[in-house]
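Protein sequences appear in the order of chains R and D. 184 is the number that our numbering gives to position 184 of the first sequence; each next residue is one higher, with no gaps. 648 is the number that our numbering gives to position 338 of the second sequence; each next residue is one higher, with no gaps.
These aren't lab readings, by the way, just hints derived from the structure by calculation. Here a beta-carbon is modelled for each residue, glycine too, at the ideal position from N, C-alpha and C. Hints may contain errors.
What the hints assert, rightly or not - Chain R residues, not near chain D, derived (Cβ > 12 Å throughout):
no.	residue
1	28
2	67
3	84
4	104
5	118
6	119
7	122
8	126
9	138
10	164
11	204
12	212
13	228
14	281
15	297
16	304
Unchecked claim - One-sided and incomplete, this derived list gives chain D residues near chain R with beta-carbon spacing under 10 Å:
no.	residue
17	433
18	456
19	528
20	568
21	571
22	585
23	589
24	735
25	740
26	743
27	747
28	762
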Amino acid sequence: MSSQADTVALAGQAGLPARPTGKRADRQRFQWSSLALLGPSLILLAVLFVIPVIYAFYLGFTNLELVGPNAVNWHFTGTQNLQRLGSDPTFFLSLRLTLIFIVGSIIGVVVIGLALAVLLQNSVTWLRILVGGIVVVAWMMPAITAGMTWYASTTAAGTFGTLLGMPNSDFLHHEPMLIVTLANVWSQTGFAMLVLGAALRNIPHEVLEAADMEDASRWQRFRLITLPMLRPTIVTTVLLITLISLANFALIYVMTQGGPGNSTNILPLYSYQQAFEFNNLAYGAIIGNVMVLVCAIFGVIYVRASRVRT
Amino acid sequence: MAKRRFAARRLTALAAVLAAGAITAACSGSGSTGSVSTSEPTGSYTLKVAYGSDYVFDTTGFTVKWWTQVADEWKKSHPGGTVQFIPIPGSYNDIVNKLSLLYRNPSTAPDVAEIPTGQIGLWGQANYLLPLNTYLKSTSWWSQFPSVIQSEGRFSGNVYAVDQGENDSALLYNEQMFRKAGLPVPWHPKSWADIITAAAQIKAKVPGVTPIWLNAGTGSGANGLLQGINNFIVGTSTPTIYDAKNNKFVVDSPGIREALSFYQQAYSKGLGADTSALFSPNAVTTPLTAFQSGKLAIAVGSNYYGGNWTKTISAPFWAQAPSTMGEAIIPTYSGTGTASTLGGWDFAIAAKSKVAKAAFDFINIAENEQNSIDAANWAGWVPPDKAYWTASLYTNFAAPYNAFFADITPSATLTPSNASYSVWVQGMGEATGAIAQNPKTTVSQAVGILKSYVTSQLGSSQVEVVP
Numbered sequence: 001m002s003s004q005a006d007t008v009a010l011a012g013q014a015g016l017p018a019r020p021t022g023k024r025a026d027r028q029r030f031q032w033s034s035l036a037l038l039g040p041s042l043i044l045l046a047v048l049f050v051i052p053v054i055y056a057f058y059l060g061f062t063n064l065e066l067v068g069p070n071a072v073n074w075h076f077t078g079t080q081n082l083q084r085l086g087s088d089p090t091f092f093l094s095l096r097l098t099l100i101f102i103v104g105s106i107i108g109v110v111v112i113g114l115a116l117a118v119l120l121q122n123s124v125t126w127l128r129i130l131v132g133g134i135v136v137v138a139w140m141m142p143a144i145t146a147g148m149t150w151y152a153s154t155t156a157a158g159t160f161g162t163l164l165g166m167p168n169s170d171f172l173h174h175e176p177m178l179i180v181t182l183a184n185v186w187s188q189t190g191f192a193m194l195v196l197g198a199a200l201r202n203i204p205h206e207v208l209e210a211a212d213m214e215d216a217s218r219w220q221r222f223r224l225i226t227l228p229m230l231r232p233t234i235v236t237t238v239l240l241i242t243l244i245s246l247a248n249f250a251l252i253y254v255m256t257q258g259g260p261g262n263s264t265n266i267l268p269l270y271s272y273q274q275a276f277e278f279n280n281l282a283y284g285a286i287i288g289n290v291m292v293l294v295c296a297i298f299g300v301i302y303v304r305a306s307r308v309r310t
Numbered sequence: 311m312a313k314r315r316f317a318a319r320r321l322t323a324l325a326a327v328l329a330a331g332a333i334t335a336a337c338s339g340s341g342s343t344g345s346v347s348t349s350e351p352t353g354s355y356t357l358k359v360a361y362g363s364d365y366v367f368d369t370t371g372f373t374v375k376w377w378t379q380v381a382d383e384w385k386k387s388h389p390g391g392t393v394q395f396i397p398i399p400g401s402y403n404d405i406v407n408k409l410s411l412l413y414r415n416p417s418t419a420p421d422v423a424e425i426p427t428g429q430i431g432l433w434g435q436a437n438y439l440l441p442l443n444t445y446l447k448s449t450s451w452w453s454q455f456p457s458v459i460q461s462e463g464r465f466s467g468n469v470y471a472v473d474q475g476e477n478d479s480a481l482l483y484n485e486q487m488f489r490k491a492g493l494p495v496p497w498h499p500k501s502w503a504d505i506i507t508a509a510a511q512i513k514a515k516v517p518g519v520t521p522i523w524l525n526a527g528t529g530s531g532a533n534g535l536l537q538g539i540n541n542f543i544v545g546t547s548t549p550t551i552y553d554a555k556n557n558k559f560v561v562d563s564p565g566i567r568e569a570l571s572f573y574q575q576a577y578s579k580g581l582g583a584d585t586s587a588l589f590s591p592n593a594v595t596t597p598l599t600a601f602q603s604g605k606l607a608i609a610v611g612s613n614y615y616g617g618n619w620t621k622t623i624s625a626p627f628w629a630q631a632p633s634t635m636g637e638a639i640i641p642t643y644s645g646t647g648t649a650s651t652l653g654g655w656d657f658a659i660a661a662k663s664k665v666a667k668a669a670f671d672f673i674n675i676a677e678n679e680q681n682s683i684d685a686a687n688w689a690g691w692v693p694p695d696k697a698y699w700t701a702s703l704y705t706n707f708a709a710p711y712n713a714f715f716a717d718i719t720p721s722a723t724l725t726p727s728n729a730s731y732s733v734w735v736q737g738m739g740e741a742t743g744a745i746a747q748n749p750k751t752t753v754s755q756a757v758g759i760l761k762s763y764v765t766s767q768l769g770s771s772q773v774e775v776v777p
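Throw the hints in and build the complete structure from the sequences for me.
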């Protein structure tokens with residue numbers, strides 16, 4: 001008799017429930033047959049995602065050029081591009097501008113999106129549909145169209161200047177970072193409003209009614225009940241807005257092409273400029289690698305923030 | 311033990327992925343070899359022809375019309391051949407990027423391509439292009455090209471591309487505004503100070519108009535410099551932008567300072583356009599409409615202005631242009647000569663083309679009188695063959711501008727054709743943009759912007775200061 005059977009028998013004698021034998025049903029088990037079903041997806045994922053990403057990462061450590069002597073005969077150059085990155089003032093300017101753009105966009109999008117969601121929740125139906133529709137249309141607009149709209153509105157003879165009684169003002173080129181950030185906020189707010197509005201509707205009425213019975217003010221209800229319950233949704237929204245903003249190349253490219261000078265040259269534009277205007281594909285790739293790291297850092301921060309319980 | 315096996319498997323899988331990446335990299339990094347055909351291909355074959363479909367010619371309709379007419383003519387003498395067009399949409403950078411990618415693989419490289427002058431050196435040195443020296447000996451037109459145009463495709467003794475058409479620059483001015491301001495018509499400025507004086511007088515006597523258009527900023531890229539400050543730099547006693555002998559870019563020279571000083575004077579006196587117009591990506595063509603609407607008095611403009619105002623091109627159509635708009639050369643800094651940049655588009659054949667002879671025949675047809683002048687008229691160029699400059703088909707298309715700009719061509723100066731020129735362009739764009747946006751920017755500060763940007767991008771070993 002096996003020792004396992006002895007143990008079970010002893011447990012039974014002591015009045016304890018017998019421990020189940022065999023494989024546990026509550027644990028996931030690996031079945032080799034599933035490989036056949038997962039195979040095509042794994043191959044596609046490897047070919048279209050994993051290998052290109054690794055390849056792009058590798059390119060950042062080469063001297064590959066778009067044209068010129070190193071366009072065909074290129075090779076691994078170790079940390080040469082990293083060293084260049086460390087002494088490139090335009091890169092550090094670009095990194096700083098990227099952070100300003102992202103943080104400004106997050107604050108603007110979440111605050112305005114949340115305000116709209118809260119205000120529209122209690123508004124009359126026709127107003128909710130009208131305002132919600134307008135905001136969502138702005139969100140659905142392609143980045144190029146949004147960029148053109150803001151370009152036309154914020155340069156001389158544009159809507160902004162005309163409304164403010166300064167038709168010849170060139171807001172875009174005098175406050176470029178502020179204007180492109182506002183344009184991004186304008187185009188992303190609809191998304192935040194939709195997501196946060198849906199989350200607002202999921203807050204149980206009983207909780208809010210209980211707060212009412214306790215004579216809580218509106219601000220107290222919002223600060224102590226609504227906001228904490230929205231926290232996971234806000235964190236998700238912030239994460240998504242970060243990723244969308246970092247990938248929003250077209251908006252800034254249409255509006256300023258990274259200028260005047262380098263004043264709106266955020267990392268995606270600087271990567272493009274190096275790769276396709278200065279022909280340095282490898283250096284453009286390593287700036288792209290930095291963007292991946294920036295995304296990863298923001299991702300970790302948000303995931304940690306979402307785990308914190310109030 | 312099982313965990314260790316699993317870890318080993320994961321390592322193997324990772325190694326396989328990395329190996330695949332390395333193999334892909336190795337394949338991408340190696341160029342294949344092939345033989346170049348110098349004889350007529352036999353049987354049926356395809357000739358791949360790449361061109362800019364939106365940007366190079368004045369209209370898309372003319373683009374299609376011109377390439378089709380050349381292809382039809384070519385097909386008559388090449389019955390076995392089929393032309394496969396590769397139209398490349400988008401602007402200058404899009405065309406350059408697409409061609410760069412096509413050239414990376416011999417199987418995708420177009421047999422014939424329309425390429426910008428500024429890329430010939432790069433692509434020639436990258437062994438993308440076929441030297442045409444042997445073929446050119448048998449043509450009637452090559453010897454008619456002025457030496458400056460012949461030299462634009464020549465690197466290390468090899469001619470990698472031949473010109474399709476050229477752009478050069480001069481001053482265009484509104485004669486009615488000049489008369490109103492009490493300025494002489496026709497106007498012949500003898501110095502840069504004369505230009506500033508005229509613009510200041512326009513500002514004083516003709517309110518509500520922009521006195522002078524000087525391209526500035528980074529928005530228009532290399533075109534903004536070709537039709538802007540480079541015209542002044544090449545008109546000084548130190549005109550060098552790229553020192554080919556030492557492989558260095560000039561970031562400070564008396565010429566650069568003189569040109570920036572001219573810009574600084576113009577913008578500090580409030581004679582230039584506002585930043586909304588200057589920093590627009592379409593800035594270089596803004597004077598065309600600004601002149602037509604009576605909002606601009608003088609522009610450092612290009613040869614294509616006159617053609618664009620014709621009914622044929624209509625970009626925009628302005629019937630009164632010849633009676634309203636005068637033209638004058640840009641004087642050199644010393645006032646003793648003509649200053650102008652030169653840049654255009656060229657034909658090149660892929661280095662590994664298997665139908666190189668047929669490809670050159672295509673270029674040969676494209677360079678004949680009818681096709682060359684049609685291209686010049688429909689794309690806004692000076693034709694490269696000086697024998698065509700007096701042909702009525704060309705001069706009458708946009709009189710008096712076409713003949714005027716053709717005469718400037720031999721004394722014009724080519725822009726650099728080097729991989730790093732775009733960095734210098736960005737640096738100079740930032741310098742001129744700073745002056746236009748903040749006229750308190752001094753010449754030394756503007757030079758500092760150029761110097762620090764180019765040095766930080768290329769390294770101090772690739773820049774030089776000319777005393």
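Hints versus structure:
no., hint, result
1, 28, "holds (15 Å)"
2, 67, "violated (5 Å)"
3, 84, "violated (9 Å)"
4, 104, "holds (22 Å)"
5, 118, "holds (38 Å)"
6, 119, "holds (35 Å)"
7, 122, "holds (42 Å)"
8, 126, "holds (39 Å)"
9, 138, "holds (23 Å)"
10, 164, "holds (15 Å)"
11, 204, "holds (45 Å)"
12, 212, "holds (53 Å)"
13, 228, "holds (40 Å)"
14, 281, "violated (9 Å)"
15, 297, "holds (23 Å)"
16, 304, "holds (26 Å)"
17, 433, "holds (6 Å)"
18, 456, "violated (27 Å)"
19, 528, "holds (5 Å)"
20, 568, "violated (23 Å)"
21, 571, "violated (20 Å)"
22, 585, "holds (4 Å)"
23, 589, "holds (5 Å)"
24, 735, "holds (9 Å)"
25, 740, "holds (4 Å)"
26, 743, "holds (5 Å)"
27, 747, "holds (6 Å)"
28, 762, "holds (8 Å)"
The structure shown violates the earlier hints numbered 2, 3, 14, 18, 20 and 21.
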